[in-house]
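Given chain R, put chain A in place with the hints provided.
So the chains spell out like this:
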Amino acid sequence: MSPTLTRRDFLKITSSLALSPLLHVIPASLPDSSAPGATPPNVIMILFDALSASHLSLYGYPRQTSPNLERLAARATVYHNHHSAGNFTTPSTASLFTGLYPWTHRAYNLSSLISPQVVPNNLFRLLSPLYHQAAFAENTFADMLLYQFQEYLDQHEPVDRFSLVGHTFYDKLTRRDAIYGMKSLDQFLFKREEAHGSLAFSILNDLTNQIDMQLTSARLKGLYPSGLPRLANTDVYFALSQVMDGVIGLLDGLPAPAFTYLHLMPPHAPYMPARPFAGMFADGWAPPIKKKHRLSPGVTEERLNSLRNTYDEYVANLDAEFGRLLDHLEQSGLLETSYLIFSSDHGEIFERGASGHSLPLVFEPLIRIPLLISAPGQRQRQDVHTLTSNVDILPSLLKLAGLPIPDWCEGQPLPASDIQAAPSRDIFVVEAKANPAYEPLHKATLALLRNQYKLVHYLGYKSYSDAYEFYDLENDPEERQNIYPDHPAAPELQAELDEQLARVNERYKK
Amino acid sequence: MNYLKSRLPSRSEALAVFSIFIFFVFSWTLYRVAWYAPSWLEYLSLGSVLIIIAYVLAFALLESAGLLALVVLFSLFFPPRYFKEQYALQGSSLAALLSIGAALLQRKINLVYRLELWQLLVYPLVGLLACIALTLLLAFLFNRLPLLTRLANALRERMLIFVYLYTPLGLLGLLVILARNLIGF
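Here the protein sequences line up with chains R and A, keeping their order. All letters in the first sequence, in the order written, are residues 372 to 881 by my numbering. All letters in the second sequence, in the order written, are residues 16 to 200 by my numbering.
Watch out, some of these pointers could steer you wrong.
[Unchecked claim] Sample of chain R residues with no beta-carbon within 12 Å of chain A, all distances over it, derived:
| no. | residue |
| --- | --- |
| 1 | GLN526 |
| 2 | PRO647 |
| 3 | ASP843 |
| 4 | PRO856 |
[Stated by the list, open to error] For lysine-lysine, the following DSS-like pairs were computed, each having C-alpha atoms within a straight-line distance of at most 30 Å:
| no. | chain 1 | residue 1 | chain 2 | residue 2 |
| --- | --- | --- | --- | --- |
| 5 | A | LYS123 | R | LYS543 |
| 6 | R | LYS833 | R | LYS880 |
| 7 | R | LYS814 | R | LYS833 |
| 8 | A | LYS123 | R | LYS592 |
| 9 | R | LYS833 | R | LYS663 |
| 10 | R | LYS562 | R | LYS592 |
| 11 | R | LYS814 | R | LYS881 |
| 12 | R | LYS562 | R | LYS881 |
| 13 | A | LYS123 | R | LYS562 |
By construction, these hints were calculated from the structure, which means they are not laboratory data. Backbone N, C-alpha and C define an ideal beta-carbon position, used for all residues, glycine too.
Bound-form chain R, shown alone (with noise of 0.2 Å):
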């Protein structure tokens, strides 16, 4: 080996010289890390793509979704409140990474990427000379986002690194150039479920992919009785189980001190629970039922409850798999010399004719997202039922490391309590996927939460343009009641929305 100093050696050789900030938040049971030599804890960041908090038992969930992610909540700090700052994947894995809004980082459009004028304000950078930083993302958009922060990275995973089935091109190619990779060879010559951008080669590509996923689905049957999950957008299968073995591994072989980003498909659609958890939510319980909202495709309710069904399954069957993570986590004391961050990347609906989460709507179980953070050493729950937002994390992270928090972040730290948080705090989410990134935001659904308040405005669509949406979260957390105009704090949320949106506008006015 090398004994040659190297910059980021030397950065963070440096930067542990500045830990004492970290012994504020670090349990009192754990070894000084002030001492010399000491190394902040890990940071393990999981995030499970599409599980919205309002199918988790953890919260109130009917269904025994998920015993071991309670099992987790007893030793964690649970948000109750916390919420995702777009309805699917880019714009809200972008916020996470970036503390910012889509508004203002621009990945709001399917499968797009962040201004490049904002690239540098990501997580990853700031915690470079921290951390040994490794990332794993078996969502292809996600994944795209950490392309774009590729130079930060020390180890950064394929995307179909622990699947079964089936290939990705882009990761093949030179790292400089994956991004065009992708957009080129996966999402255009060889795009699935649409024809392709290849006349011959793709339908070859389809043919060899099908008898392979089909070989090996038959052999397994028994596992996967309705068939294999699929990493979304994709033509790569996998099986849970081997996923979560592959990324155990990854974090035994990681070096300390690392902060890990793991994000992992299920529950996403195609939902694909395996046994014994396939059938078992077969119970013919279903939710009131709510009035078809004007933005929804208008999917039967039978059909609604269908894929309700099933995509608890699934999360059961992820909370089950979590829970031999997190079993591993514990015996091997990784648990206590890491932060474990478990959450989402946005939710997923089953309610008012709408299902999935490729909508232009942003109710609660679209956004509401499961936030638990486990210190390392941390024996006792604590809850948190303030409002905080997914740009909240890279703030946190950021103080968690004893690192200032940068003033371009709009997310603020996480709150460990409910008496340590705001009073008062906006929350903004955006969904704005059919808006051209770099233009002002005229066709988008925009809300805006303030303490138990929620305002929603629907701007641009043909049948339902320029309409406000107001809800009491306290007085009616199924979003039954649309108090607007009425309610008299709805006045001055849409006034504070509409100046928001005034203002991110206004830097795109040609």
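Same frame as chain R, now just chain A:
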């Protein structure tokens, strides 16, 4: 070696078949690009879109060359009187029919994901048998119908223009990719 050489098409014959593939592959790809480019331009810079198009064009060139190689390989399995004697004509016709078939299949590509395993194994086999039958049928028709032969030859000769139109585009794409990945352009 000499035997193999005698079975391979001449340069002009290969070029004739290549021109058909290049026409269909590039036309299809550019048609799809026209479909997609507006959405790319909504969130990517013009430079980024041009790099994506460079990848797409380079791939189209390689795909055309790959398809030509498949036809050459396919022809080796036939006795010369059924393929080699009218290589340019038969190869071009086969290339055109395969390309049209692929374009039609692309419009219903979702069906591929719904096929059973036996269908996935049997349908390509049926396709291969159909190609063999088609080749024999073409050999028969071109021997028997001089008018059809003349018409097909006239069309084939005119298609050569696409080699000169599309090949430079593909090469340019390939150059851009090489420059980006080898010298960091």
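* Between LYS814/R and LYS881/R, does the CA-CA distance stay at or below 30 Å? -> 17 Å, holds
* **Least C-beta distance from ASP843/R to chain A larger than 12 Å** => 36 Å, holds
* Straight-line alpha-carbon gap LYS814/R to LYS833/R, limit 30 Å -> This hinted pair holds, its Cα atoms lying about 9 Å apart.
* Taken at face value, is the distance from the CA of LYS592/R to the CA of LYS562/R at most 30 Å? -> 27 Å, holds
* Given the hint that LYS123/A pairs with LYS592/R, test it: the Cα-Cα distance must not exceed 30 Å. => Satisfied, since the Cα-Cα distance of roughly 28 Å is no more than 30 Å.
* Asked: Holds or violated: LYS123/A with LYS562/R, Cα cutoff 30 Å?
  -> OK: LYS123/A and LYS562/R at ~14 Å, within 30 Å.
* **Interface-negative label, GLN526/R against chain A, beta-carbon threshold 12 Å** => For GLN526/R, whose nearest Cβ neighbour in chain A is about 22 Å away, the distance exceeds 12 Å, so it holds.
* Holds or violated: are the alpha carbons of LYS123/A and LYS543/R at most 30 Å from each other? -> Roughly 29 Å between the alpha carbons, so the hint for LYS123/A and LYS543/R holds.
* **Pair hint outcome, LYS562/R versus LYS881/R [Cα-Cα no greater than 30 Å]** => Violated, at about 34 Å.
* Asked: Keeping to a limit of 30 Å between CA atoms, is the pair of LYS833/R and LYS880/R held or broken?
  -> Given pair LYS833/R, LYS880/R holds - Cα atoms ~22 Å apart, limit 30 Å.
* Exclusion check [PRO856/R not at the chain A interface, CB over 12 Å] -> 33 Å, holds
* Could you let me know if the closest chain A CB is still more than 12 Å away from the CB of PRO647/R? => 26 Å, holds
Of the numbered hints stated above, the single one contradicted by the structure is hint 12.
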